[in-house]
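Novice: Based on the sequences and whatever the hints tell you, model everything.
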Amino acid sequence: MTTDRPAPRVRRSDDHARGVALPGLLWVPAAAAFALIALPVVGLVLRADWARLPDLLLSESALTALRLSLETAAISTVLCILLGGPLAAVLARGRKRWLRWIRPLVLLPLVLPPVVGGLALLFLLGRMGLLGRVLDTWFGITVPFTTAAVVLAQTFVALPFLVVSLEGALRTAGDRYEAVAATLGASPWLAFRRVTVPLVLPGLASGTVLAFARCMGEFGATIAFAGSLEGVTRTLPLLVYLERETDTDAAIALSLLIVVVAVLVIAIARPRGADGLR
Amino acid sequence: MTDPWLSARVLVRRPAFTLDVEFTAEHGEVVAVIGPNGAGKSTLLGVLAGLLVPDGGEIRLGDRVVTAPGLHVPPHRRGVGLLAQQAMLFPHLTALANVAFGPRAHGVPRAAAEARARELLAAVDAADLAHRRPARMSGGQQQRVALARALAPRPELLLLDEPLAALDVDAAPAMRSLLRRLVRAERQTALLVTHDALDALVLADRVVVLTDGRIVEQGPTREVLARPRSAFTARIAGLDLVPGVALADGLRTADGTTVAGRLDGVAVGEPAVAVFPPAAVSVFAQEPKGSPRNVFPVRLAAIEPRGDVVRLRASAVPGGPGWVDGLAADVTPAAVADLGLEPGMVLWFAVKAAETAVYPAR
Amino acid sequence: MRLRALAVAGVLLLLVGCGQGSGGSTGADSATLTVFAASSLRDTFTTIGEHFEATHPGTTVRFNFAGSSDLAQQIVQGAPADVFAAASDTTMKTVADAGRTATAPALFAKNALRIAVAPGNPKGIASFADLARPDLKVVVCAEGVPCGDAELKIEAVTGIDVQPVSEEPDVKSTLSKVQSGDADAGLVYVTDVAAAMGTVEGVAFPEAEQAVTDYPIAVVQDSGQAALAQEFVALVTGPAGQTVLQEAGFLAP
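Sequence lines, in order, name chains A, B and C.
Per numbering that gives the first Met the number 0, the first sequence starts with residue 0, numbered consecutively.
Per numbering that gives the first Met the number 0, the second sequence starts with residue 0, numbered consecutively.
Per numbering that gives the first Met the number 0, the third sequence starts with residue 0, numbered consecutively.
For the record, the hints were derived by calculation from the structure and aren't laboratory data.
For clarity, every value in this text was computed on a predicted model and none was experimentally measured.
Every residue gets a Cβ at the ideal spot worked out from N, C-alpha and C, and that includes glycine.
Only true hints are included.
So, partial list: chain A residues that the calculated Cβ filter (under 8 Å) puts toward chain C: (1) 114; (2) 127; (3) 223; (4) 227; (5) 240.
As a list, the in silico SDA-like pairs of lysine to any residue whose alpha-carbon atoms are at most 20 Å apart: (6) C/122 to A/139; (7) C/122 to A/135; (8) C/122 to A/126; (9) C/122 to A/140; (10) A/95 to B/71; (11) C/122 to C/200; (12) C/109 to C/194; (13) A/95 to B/73; (14) C/122 to A/127; (15) C/122 to A/141; (16) C/122 to A/136; (17) C/92 to A/248.
Simulated restraints, written as ranges between beta carbons of each label pair: (18) A/44 to C/45: 39 to 47 Å; (19) C/103 to A/103: 55 to 63 Å; (20) A/103 to C/238: 53 to 61 Å; (21) A/110 to B/126: 51 to 59 Å.
Specialist: Below you can see the structure in the form of structure tokens.
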């Protein structure tokens with residue numbers, strides 16, 4: 000009965016679409032960039048001792064390190080979401096003026112060399128550290144050399160990835176839907192749960208993937224703060240660093256393992272490939 | 000005499016203007032707010048909804064004060080609903096979930112909320128859209144669902160911010176009659192911001208005219224639109240208006256020109272406006288002989304085809320009266336061809352005194 | 000000390016597969032000698048370097064201090080070193096087997112392990128066996144690192160299982176964990192304790208003699224400064240260098 004016209008839909012690019020052509024010159028630096036990323040990995044693959052690969056990857060130390068890496072990265076990523084999510088929301092939508100000074104500080108772990116970050120954590124939570132001293136004397140808790148320290152180090156370096164991704168998505172989305180929700184009777188918390196979060200899930204997903212990948216690859220802060228002990232603190236990157244002293248083939252095999260795990264995570268979390276923040 | 004149900008005094012200082020208004024509404028009344036862009040209409044709605052904090056004033060809904068110095072009830076506790084130009088349906092929810100959102104936010108159990116949602120979707124002729132996502136609905140469909148969503152939590156006051164402005168010509172009439180059925184006929188207290196006199200006539204009991212942050216006219220819809228007192232209202236109502244001072248046989252404008260017309264409830268010497276329909280204007284290419292009354296030189300500014308008449312818009316000619324700016328005259332398409340009308344031409348408008356009413360400017 | 004680890008990574012990236020780097024300058028008046036030395040040699044070799052520069056005007060000695068195995072890897076991949084001083088025979092052997100040594104390696108020092116503890120020895124550690132106490136947090140070097148291998152040898156010989164809380168990638172990291180107070184004891188070299196200048200105290204233990212580490216030095220193949228390199232090696236093995244080394248706690252070769 001109605002003659003409503005359908006709303007314009009987002010079209011996938013097809014072979015017939017032309018539009019404005021991409022300048023051909025861009026392909027040259029683009030190819031160079033891709034080569035810079037891909038060729039070292041290809042180098043690893045070619046250099047690997049494929050005959051020994053199963054033994055190297057299935058050794059007890061390798062499997063222990065893999066399990067430790069996956070467990071700590073998973074916990075750290077969850078921590079990043081639980082802590083970084085609210086931080087991103089506050090930074091994107093909070094109305095206090097001093098927030099603009101906080102925003103650049105959030106990037107610190109990105110800018111600091113990870114080892115320096117680990118040192119800083121040590122000065123805070125080490126046995127003689129600012130907080131660590133209190134924890135040790137009053138509760139008998141020491142943080143360095145524990146798996147918890149690994150999680151803390153990973154969370155420290157990965158938080159900015161999640162916060163920045165999510166904050167960007169929240170800013171882009173704007174708060175008009177939340178205003179509508181408010182006029183419908185939704186309290187700020189309800190609007191956050193049922194409107195804000197669902198609308199930024201794509202941004203949250205990509206931030207989570209980045210954070211997880213960063214956790215899997217974390218080395219400097221971990222070794223400076225948590226130390227290196229099999230089964231407790233020796234994640235895959237730390238094992239690679241150790242193996243390279245004695246058994247280069249093992250180091251290469253483990254490096255490839257890290258690459259494969261990272262690629263798997265990215266593929267599972269974002270199966271449509273580069274779809275931006277949608 | 001009972002106090003009006005809605006009483007609002009709002010003061011907002013903006014860089015471009017200051018919004019300073021005071022008005023009331025009865026329970027169940029629909030008040031149209033019309034005014035040019037930038038007059039402050041959306042600001043007013045924002046303050047009423049609780050999304051903006053005013054610089055001063057007080058807003059009372061029934062026996063609840065929701066805005067006062069030091070008091071600001073947040074939007075989610077006001078019971079004020081909002082329907083804007085853009086439907087703003089939650090993209091990740093179906094139509095049913097969208098409409099049920101309000102009741103559920105108020106604590107209504109899911110089953111009851113969905114029942115109410117279905118009821119309203121049926122009322123807006125969108126029952127078959129219940130399980131569709133907004134991305135797969137047309138603009139008109141989305142706006143209908145948005146109306147259902149705004150009505151679902153039974154708001155005490157409903158704010159409509161140009162709800163038909165983004166709809167195409169086919170969808171607007173259906174939406175207008177929906178609003179008439181569900182808002183006006185149901186006695187839902189509502190404030191409707193619009194540019195369209197037809198919306199005001201169909202939907203509103205009273206009209207408030209807002210210009211530069213101030214109310215310049217208000218009253219029952221038919222009255223305000225039949226006897227506009229400001230140039231903007233006249234424009235909306237499709238009439239021509241000339242301000243001045245009443246004379247025995249008409250009106251004298253600020254630059255001394257006389258416009259002849261019938262006096263209606265105004266005394267000589269009072270500030271008055273002369274109002275006439277565009278159909279009462281005859282158009283000549285040369286100054287008509289014999290100097291009839293109400294002949295004024297104009298420059299043709301625009302030609303607006305309107306179905307079977309053509310509306311000509313005038314602008315001032317150097318040496319001629321300045322108040323002709325914006326005046327409209329209706330002619331037949333044949334006349335346009337005969338006179339060879341083109342924008343920029345100098346023409347002569349002759350206004351029939353018998354169809355010109357002069358009444359108080361107030 | 001931490002930043003050194005970063006510097007290693009950076010140098011590794013730059014030099015691996017890069018072929019000849021800038022090497023020494025070939026001007027007649029100025030020459031640069033590049034010495035790759037184990038991190039435990041930092042203080043002593045810096046002093047020896049200054050001595051060398053004083054006796055060879057116009058020469059600059061540039062050091063790259065890192066874990067021996069890292070350095071060995073770099074040299075094998077073609078890093079532009081003139082002299083290599085390693086903290087283990089095995090790492091020097093790696094370089095020699097790859098044909099990257101120009102001279103036969105010469106032993107120039109030995110180092111023994113010592114237990115580093117907080118000043119005042121608050122935990123009362125007196126012997127190697129004490130390190131197995133459950134209430135102690137002990138850090139050691141990882142297996143594959145010369146000081147770690149030495150520690151494991153002592154464990155094997157004494158039958159004591161130390162159960163460290165961390166196996167650090169190099170001796171300086173081990174030391175710093177004791178210095179910061181996060182570890183109660185660390186197994187480092189005598190020379191490291193001496194160089195720590197009071198921030199840690201050393202506890203000697205007799206079993207250390209069972210696993211003494213050899214320090215060989217050699218001129219690197221294809222060095223652009225072969226003559227200067229030989230002279231540097233001579234300085235290290237000669238009386239002047241030996242005095243410096245032994246004052247720091249190294250044992251005579």
